[in-house]
Amino acid sequence: MNWFDYESYIEICTPLEFNFRECLKFLGRSDQEVLHQIKGDNLNKLLKVAGELILCKIGCDQTSIQVDFPLGTPTKSIREKIAAYICEWFDLERDLSRFYEMASNDKILQPLTHKYYGLRMICMPDLFEALVWAIMGQQINLTFAYTLKKRFVEHYGECLTFGGETYWLFPSFERIVSVNEDDLRGLQFTGRKTEYIIDIAKSMASGELTKDMLLQKEDTQQVKKFLMGIRGVGAWTADYVMMKCFHDPNAFPVADVGLHNALKSQLGLNRKPTIEELKEIETHWEGWQAYATFYLWRSLYDETV
DNA sequence: ATCCAGGAACTGT
DNA sequence: ACAGTTCATGGA
151 MNWFDYESYI
161 EICTPLEFNF
171 RECLKFLGRS
181 DQEVLHQIKG
191 DNLNKLLKVA
201 GELILCKIGC
211 DQTSIQVDFP
221 LGTPTKSIRE
231 KIAAYICEWF
241 DLERDLSRFY
251 EMASNDKILQ
261 PLTHKYYGLR
271 MICMPDLFEA
281 LVWAIMGQQI
291 NLTFAYTLKK
301 RFVEHYGECL
311 TFGGETYWLF
321 PSFERIVSVN
331 EDDLRGLQFT
341 GRKTEYIIDI
351 AKSMASGELT
361 KDMLLQKEDT
371 QQVKKFLMGI
381 RGVGAWTADY
391 VMMKCFHDPN
401 AFPVADVGLH
411 NALKSQLGLN
421 RKPTIEELKE
431 IETHWEGWQA
441 YATFYLWRSL
451 YDETV
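Residue numbers are given in the working numbering: position 158 of the first sequence equals residue 308, and the series is strictly consecutive.
Do not rely on the hints blindly, as some may be mistaken.
[Claimed, not checked] In the EDC-like style, the derived pairs of lysine to aspartate or glutamate whose C-alpha atoms are separated by at most 16 Å in a straight line are: (1) LYS226 x ASP155; (2) LYS414 x ASP452; (3) LYS207 x GLU315; (4) LYS361 x GLU324; (5) LYS198 x GLU308; (6) LYS198 x GLU279; (7) LYS265 x GLU172; (8) LYS189 x GLU308; (9) LYS414 x GLU430; (10) LYS375 x ASP398; (11) LYS198 x ASP398; (12) LYS265 x GLU251.
Bear in mind the hints are in silico, worked out from the structure with no lab data behind them.
Please work from the sequences and hints to get the whole structure.
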């Protein structure tokens, strides 16, 4: 991570293949989103670092992302952690040149990488958030998933109001361990999702499940295997978390409905592709399955607007 | 109404 | 290992 510290603000160098506006478009795909706000060319997000609430105003120019702190200057160690968070959030460490090179010879990805050039994987550095968001979204449409997330965040998350706007944090597992199952069901979570989410909060609170612990694993397959051992986490959720939390470029949620619909549309099919067809297509994307999936998901948003 | 949604566990073979 | 069934709820 290459960043500069100016105390009252920080700058994070952006890679060549980076377009902040494209990232903002993805971040703005739901008007129900409560974990960040887009104001023109800026992105506002509340973070909690070392126990402190830090409001970040994030902008971008040709060479770097700038982060201002409207609530006042945080300490140096907090500034460094914020830089690291943003670097992870926008997947800035990834070198996309080979992805674009591969895509230039791929009939599916060529138009997408041209259209969304500079879009990075929008990640979820927080493991609890990634797991819970994925579980929430299982087997329901994205609109309802955002409704559930909004309720969840506004019931159990911390918030801060500044300049007439309210900013929310995703709930911590420490908070969710003590949530009553009936209360969560009352927010229209199914009984199973309620159990899964509270169980995960418990295992994170006890320390038996942590992101650091998973980062110690030898390889990504072991991380995925461990994730799939968690009740409520099947192959789809594990791949989603591998993509968005562990930055695994090979993660590929082969059974994902959104992926199927995007391919159906991109290929002009009158039916969804089969799993076998997907496995064949995947071989052309070796090493970049996660980005291919993400760009295909992005293409679905164009069809709704 | 009816189908389906960025699935997973459970059950029976 | 594999296929069928159940869970559950709102969007379109």
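Determine which of the earlier numbered hints do not hold for this structure and return their numbers in increasing order. 8 and 11
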